[in-house]
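*Asks:* What follows is each chain in one-letter form.
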Amino acid sequence: MTAFRSAKGGRIDRARTLRFRFDGAAYEGLAGDTLASALLANGVHLVGRSFKYHRPRGIVTAGSEEPNALVTVRRDAARETPNLRATQVELYEGLEAYSQNRWPSLRFDLGRANDLLSPLFPVGFYYKTFMWPRAAWAALYEPLIRAAAGLGRAPTLPDPDRYAQCYAHCDVLVVGSGPAGLAAALTAADGGARVILCDEQPELGGSLLADPHSRIDGVAACDWLERTISALAQNPRVRLLPRTTAFGYFPHNAIGLNERLTDHLAEPQPGQLRERLWQVRAREVVLATGAIEQPLVFPGNDRPGIMLAGAVQTYLQRYGVRAGTRAVVVTAADGAYRAALDLQAAGVPIAAIADLRATSPGALPEAARRAGIETLTSMSVLGTRGSQRVSGIELMTADDRGRTGRRTLRCDLVLMSGGYTPSVHLFSQSRGKLQWSDAARAFVPASSAERERSAGACRGVYGLAATLADGAAAGAAAAKAAGHGAVAHHLEVTGDDAGADGSAPALPQASAGAGPKAFVDWQNDVTANDLELAAREGFRSIEHIKRYTTVGMATDQGKTSNLNALGIAAGRLGKLIPEVGLTTFRMPYTPVTFGSFAGVARGDLFDPVRTTPMHEWAEAANAVFEDVGLWKRARYFPRAGEDMHAAIARECLAVRSACGIFDASTLGKIAVVGPDAAEFLNRLYINNWSSLAVGRARYGILLRDDGFIYDDGVVARTAPDRFHVTTTTGGAARVLAMMEDYRQTEWPELEVWLTSTTEQWAVIAVQGPLARKVLEPLVAGIDISHAALPHMAVAHGSLCGMPMMLFRVSFSGELGYEINVPADCGRAAWEAIHAAGIAHGITPYGTETMHVLRAEKGYVIVGQDTDGTATPDDAGLAWAIGRNKPDFVGKRSLERAAMKDPHRKQLVGLRTRDPRTVLEEGAQLVETAGQQPPMKPLGHITSSYFSAALGHSIALAMVAGGRARQGQTLFVPMPAGEIAVEVTSPVFYDPQGTRLNV
Amino acid sequence: MLLIHCPYCGERPEIEFSYGGQAHRARPARPAELSDDEWAAYLYLRDNPRGLHAERWRHVRGCGRFFNALRDTITDRFAGTYKTGESAP
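Just so you know, the sequences run in chain order D and V. Take 50 as the starting number for the first sequence in the working numbering and just add one per residue. Take 18 as the starting number for the second sequence in the working numbering and just add one per residue.
Only chain V is shown next, with the shape it has when bound in the complex:
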């Protein structure tokens, strides 16, 4: 079970969190102006890196806040976590 550092609460076990997928993917401001392909890319295409991955987590059974994390997909080690809106460390 992963140990995850919530930027608001500190280290907590994985069962207190839910996973939120890839981070830093802002919803397009005017979806109507996008082509079908661009919209499909926003909806369905995600990075699947081998190594560091910026991803969203939510401390759903704690403070309820979303935050971002840099996790190594090979080792599951977290390089760090940071608040929504901040850029990756």
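In isolation and in its complexed conformation, chain D is listed as follows:
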């Protein structure tokens, strides 16, 4: 047992010693300790270096509001968690923790030079100092600043732990298990409500865990706590979630909870769940999130050993730790006197209590005076002493007649208290309205935006009896609102003397100047001077002051700094605090791991994967796949020794000279069925469908009502009332959604039904001059001769006994068929065709070859050659427009003058002078050679390939007034020099289309 451990009391297990290491040094703590309490029990206060100035910093708080004591906890190279608050890290046997933001060591940190040079780093210094030369920002300044300022480092190895996510519903969610939360949960559960009670701490109980004085219902507070938790735990309607932070409050009472399951264990089981993300939907919410003690702003207030009074009290009463050997208390509130009395009773001498207020008439100050503690009023702090630990404090005294003097007190512990301010983070996130309360001297919840109520200290209700009563009332009201009966029972409280304490958003105790720094935001190293400077430089809005100084923007979200910053800003601007207003509270309340948000959505489960019935065949055939939306599509089929270009050239030539086989199953397919099916498509697509005969197909184009191309695809009429609509692979879902929108909301009078059949059909494209020879022996029930089944004809039959819908279509410019069979038959049909085709040189090809073949023919791909601003005419597709239709979606927009402008970008082909030069897709085109930036681009390249069939490169481009420029030379400026190109027709191969009609 160390000298800093008290003789008795607390909730630690004095029989169970735990060994741990901090920065490599070995220490011992007790079961029930946090890393912070164990370090303090070993006399260790220095735990980190500050963000900007690298000043030595110690533990300030005992909870999640801790701004300083951020540590890295390491289990192994992959399990290294940075930026954990030592006040929340539960001690376990063998725990290994490290301080952050120091080099080479915590005690000797070279970054400390920043502090000595701090006149060079005023607020906003990086905006002011690092302006020139401009290139140096990214190359030099930013990396340097990031290396010097900062927090811990994230591990570089993949996270090996498991994380889960789950949903839960309840009648009443209670956030916070202090006295108000417990009373609320108990009351609501007694009334029959289903209750979830969560708390960020490992033990439920909140302030009751460190209260040896109070008695509730005739028993000690800790006994009442045990009884209450046991009653709640046995209630089947109640779920208790300790180690669970409510980090975000989302609309309609959806609350995000982060439950930590293994971080406190010495040896988690392999595969054990580390964290669980709860998405709770609650009928009613009770926020019982308590209040946060506010520090005082005085020069040198950041030395290790200067702590919040309530934290010192918690370390003493809950963890049995005396945080020092001789203490001075600086306070603007009565609560700190309780800590002083308890500390003195535990054997720590109190040098003095320096009260900033003019008088201290309360019962606790009276008790302190009776206990022989020197209590001083109207005090201010001039500074503190010590290097890596506070060694003294210098006070300015004032007597009745206003004469001032100086007094220095020796100490190794300073307790400070600016009073408490309600923790309204979740309430504010829920968009509830806050209001300044003069009585509580704080912002308190005024009106709720959700079915929510705050109870206890988080709405400025202090004192155990009042808090319990407030919690019980909130629990009863919540249960009733959720449809249950509940009665708030009165709980008798004695021995509680903490009293009601609001905060006094503290003003700095020394005039601003070049003197010692008075910190407002410990974590972001923002001082009172910085805020004064911001106000002097003309910042008026608290939101602007926050962004300029970064006050309240650290991972602690200003839990201990916002109110003081507000007080200083208000003073400087000559306004009242409520006039200045608060900055926005943002989620998360405390940081949440990425693992928790990712859950199981990583690796193979990151996104769904869609594969076609022929996927395994392609895998076995050594296909290289690419992602198209969620689909895996075979991109090319390299043979031994082939690179991508060689494989594609071979595949292209095979289709042009013999026959290729291609998996087109991913095409979107929609069955449009009903007596009004043709009318429906007439109204939607630009084409005329009434004239399409059964057994024929047509290339359809769909616009949005703004006149721009939305999707395209072949549409076949398979019966008078039945159309088989195909869409692009990526467009299937949005085309169906658009169709449903018009069907349901614009034309509900049409009798037509829409069904997605994308996954019902496997589609095999067989393309090439020998395609008919390959298929002939396999097909039954259809005459596939050119005369009987010409280009754009459709027929039903069978293939090797499998039912088949056969399309005579081509996206390659060659004789082509698309065989549609039920998805289950896809693999068998593919294998049968492939086997029959081997004698004819059939070659499997992938999407890359498909792209080259279609580009040789000038066929556009919607989304590649068009970009949402292309009309049918821009893309050279005006011929498809049904001329005699009175209307279709997009028609009116095409009549606008701007849509007929001859200078609009139009689809053209491009040829390079050097046939081997393949242009870069996305590159810009300019009219004249030798241009310097800023250039005036005429358009850009949308598709570019090397055509093995033609023996030269080809490209498609959208060019202003492009069709009138055929024969012109344009230029493509590139980093390595400009490339001259000739504008051509977009159809490079077989412009007469003779190969289609054979």
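Source of the hints: derived by calculation from the structure; they are not laboratory data. Virtual Cβ for every residue (Gly too), placed ideally from N, Cα, C. Any given hint could turn out to be false.
What the simulated footprint calls covered on chain D by chain V, stretch by stretch (three residues with Cβ under 8 angstroms from a Cβ of chain V suffice, anywhere in the stretch; the number is not a length) [claimed, not checked]:
| # | stretch |
| --- | --- |
| 1 | 787-801 |
| 2 | 822-836 |
| 3 | 928-940 |
Take the given structure of chain D and dock chain V to it, following the hints.
*Replies:* Below, chain V alone, put in the same frame as chain D:
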């Protein structure tokens, strides 16, 4: 996450729905008769009220039906939902 009452299925979480923009904007019966300005107004101009807004939603990952809702754009509270073709409550 919003909780949305589908008039056909009941209360469901927001992720089951897609948003469909302002409600009660019928596509003109004869667009050809509209001036460019009138057509542009139909295409591009939408209300952006602070307060109650009649808007379309689709229960796309449920029954697939479009319906209308009255939502308060300040609080995200729904005053009610109703079927396409019905007038706002």
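*Asks:* For the stretch 822-836 of chain D, do three or more residues have a beta carbon lying closer than 8 angstroms to a beta carbon of chain V?
*Replies:* Violated, because only 0 residues of the stretch 822-836 of chain D bring their Cβ atoms closer than 8 angstroms to Cβ atoms of chain V.
*Asks:* Verify this for me: three or more residues of the stretch 787-801 of chain D with a beta carbon less than 8 angstroms from a beta carbon of chain V.
*Replies:* holds (count 6)
*Asks:* Are there three or more residues in the stretch 928-940 of chain D whose C-beta lies closer than 8 angstroms to some C-beta of chain V?
*Replies:* holds (count 3)
Of the numbered hints listed earlier, the single one contradicted by the structure is hint 2.
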